[in-house]
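Position chain B against the provided structure of chain A, taking the given hints into account.
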Amino acid sequence: MTTTDVPAAPDRRARTPGGATERRPRRRREGAAWVFLSPWVLGATVLTLLPMAVSLYLSFTDYNLFDPPRWVGLRNYTQMFTEDPRYWRSVRTTLLYVALAVPLQLALALLVALALKSVKRGKGFYRSAFYAPSLLGASMSIALVWRAVFNDGGTVDNLLGTGGWVNRPGWSLLAVALLTVWQFGAPMVIFLAGLQQIPPELYEAAAVDGAGKWRQFVSVTLPMLSPVLFFNLVLQTIQAFQVFTPAFAVSAGKGGPADSTLVYTLYLYDRGFVASHMGYASAMAWVLLLAIGAVTAVLFRTSRSWVFYASEGDR
Amino acid sequence: MTSLTVARKPVRWRRVALHAGCLAALLVMLYPLAWLLATSLKPADEVIASLNLLPSRLEWSNYSTALEGVNDVSVWRLLGNSLLIAGGAVLGNVLSCSLAAYAFARLRFRLRGPLFAFMIATIMLPHHAVLIPQYIVFNQLGLVNTYWPLILPKFLATEAFFVFLIVQFMRGLPRELEEAARIDGCGPFRSFFSVVLPLTRPALITTAIFTFIWTWNDFFTQLIYLFDPDKFTLTLALRSFVDASSTSAFGPMFAMSVIALLPIVLFFLAFQRFLVEGMASSGLKG
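For the protein sequence lines, the chains are A and B, in the order given. Position 60, counted from 1, in the first sequence is what the numbering used here calls 60; the numbers after and before it change by one each time, with no gaps. Position 35, counted from 1, in the second sequence is what the numbering used here calls 35; the numbers after and before it change by one each time, with no gaps.
If you are wondering where the hints come from, they were derived from the structure by calculation, not from laboratory data. One or more of the hints may lead you astray.
Derived CB-CB ranges, DEER-like [stated by the list, open to error]:
{"hint": "1", "chain 1": "B", "residue 1": "ILE183", "chain 2": "A", "residue 2": "ALA297", "range": "44 to 52 Å"}
{"hint": "2", "chain 1": "A", "residue 1": "SER276", "chain 2": "B", "residue 2": "VAL242", "range": "19 to 27 Å"}
{"hint": "3", "chain 1": "B", "residue 1": "ALA34", "chain 2": "A", "residue 2": "VAL35", "range": "48 to 56 Å"}
Beyond 10 Å from chain A on every Cβ pair, some chain B residues (computed) [stated by the list, open to error]:
{"hint": "4", "residue": "ARG57"}
{"hint": "5", "residue": "TYR63"}
{"hint": "6", "residue": "TRP76"}
{"hint": "7", "residue": "VAL90"}
{"hint": "8", "residue": "GLY113"}
{"hint": "9", "residue": "GLY142"}
{"hint": "10", "residue": "ASN145"}
{"hint": "11", "residue": "ILE151"}
{"hint": "12", "residue": "GLY172"}
{"hint": "13", "residue": "PRO174"}
{"hint": "14", "residue": "LEU177"}
{"hint": "15", "residue": "ALA181"}
{"hint": "16", "residue": "PRO202"}
{"hint": "17", "residue": "ILE205"}
Here the structure is a predicted model, which means the values were calculated and not measured. Backbone N, C-alpha and C define an ideal beta-carbon position, used for all residues, glycine too.
So here's chain A without its partners, still in its complex pose:
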């Protein structure tokens, strides 16, 4: 260590004039970077990291916003998992909702993207028109329309004679899921952009080899589109786990009938902000965080066997 240090010393001294002018701006640029980053750093620590830590702490306490938090150990978690049937109903409702909404939405998005790919005239119009619900669908206005259309005497009741879905425990969640499916435009636009990036030569080569339309879809389109499909799947799944507004609007904030639309976040809202059990709600939030993390990890794991990256294949 010392042997390398000794000959280095005169060398550094010799370079001082040039080195100083070169080094000072670099340090200033590093400083400048932190100035640019400062709002984000403040937000990430004060509004993200710190709250996550606090919420982990609160999940081991009993806290009602007015009295100081009281340490209760794992009781929130044991109560949640063993003594609270509504909690399990909210878990089941959410899983059912994700399983209904995400595959239906993505299948429809892919189907429409495939149809639009071969449309020549009016493609821009269709694309925008199908995309519009993705922007409008998150609004309270549309959620209220949904509640009326799927209510007793609403359009669906009149057409199918099933009665209003929002009042029937077996059907109400389907009405909520259909509102998500209706917003298939966002993943569709991403699919369409992905489809347009597939080189046409691949289809020509497949056609020369005698592949029919279906074979081309299975052997060219699907593998080439798999990264985009994976992106949409991860994004929509994460979002679906956090659904709130439509379930709230359809059930007037109650999650009914018979807890059939009591999605996880609605129950979290009920425990935390209606019943003022902030500790319990924090525990619920952490379980949600871990669950979403686990599901994402599993999706990434399985992706290795079905997502095909073209650049990887070249190597």
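Relative to the frame of chain A, chain B by itself:
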């Protein structure tokens, strides 16, 4: 010759069938919007009982009733509140996200790699994990029932999705312009504000529009932070409309829904290119 016309015919038929299919799907898709518009103009007795989409006569009084507002707060006030929050959010996001994005895209600093990875990870983070402590902090500061909790976080680049969007865009800009600016003696701040920011305008517009629409539609945050009816936004007012009124007020309620939806529709019509392109590119580069 004959073989050519035979070969061509199915192609044309397929094109017609394709358009017919797309248009039919479009009609189903747009039905809820048509229903909303029609119902907002229906007389009270036709809202539920009638299967007819079109009203027998146009009941414009639904709109004058809606303009009176809810809980003695006029629609203009509610509209102003919504605009204030959405406008503040737009300003905050555009400013703070572009600053952070420039550092990530162009400047060198220690921990750049890990911090960038962390920033990406927060895109996936469910809002609920930080919600309760944030609420407690704003509650301690006496800021619950004000607009601060809704606007302030946007000035601290908490919506990492937009940081990422702008980083991706900035990485595509040619470096030569900034280097030229540096040779001319511009520091990082000058070159950010005078060179990079103007070039980033498309990404900033996308950020602004999405922020506006998402904030406008947001319900959960407004629900937990705002209590006073005169601080309500259109979204919150619509919700209390549901609780307060029977089906006889359906017409005015949906008239108000149309008013609440109008800014988004206008934004969409004006900026649809930016929105659709912005969405499309998020999947490919990501």
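Structure versus earlier hints - violations, ascending order:
Hints that this structure does not satisfy do not exist here, as all of them hold.
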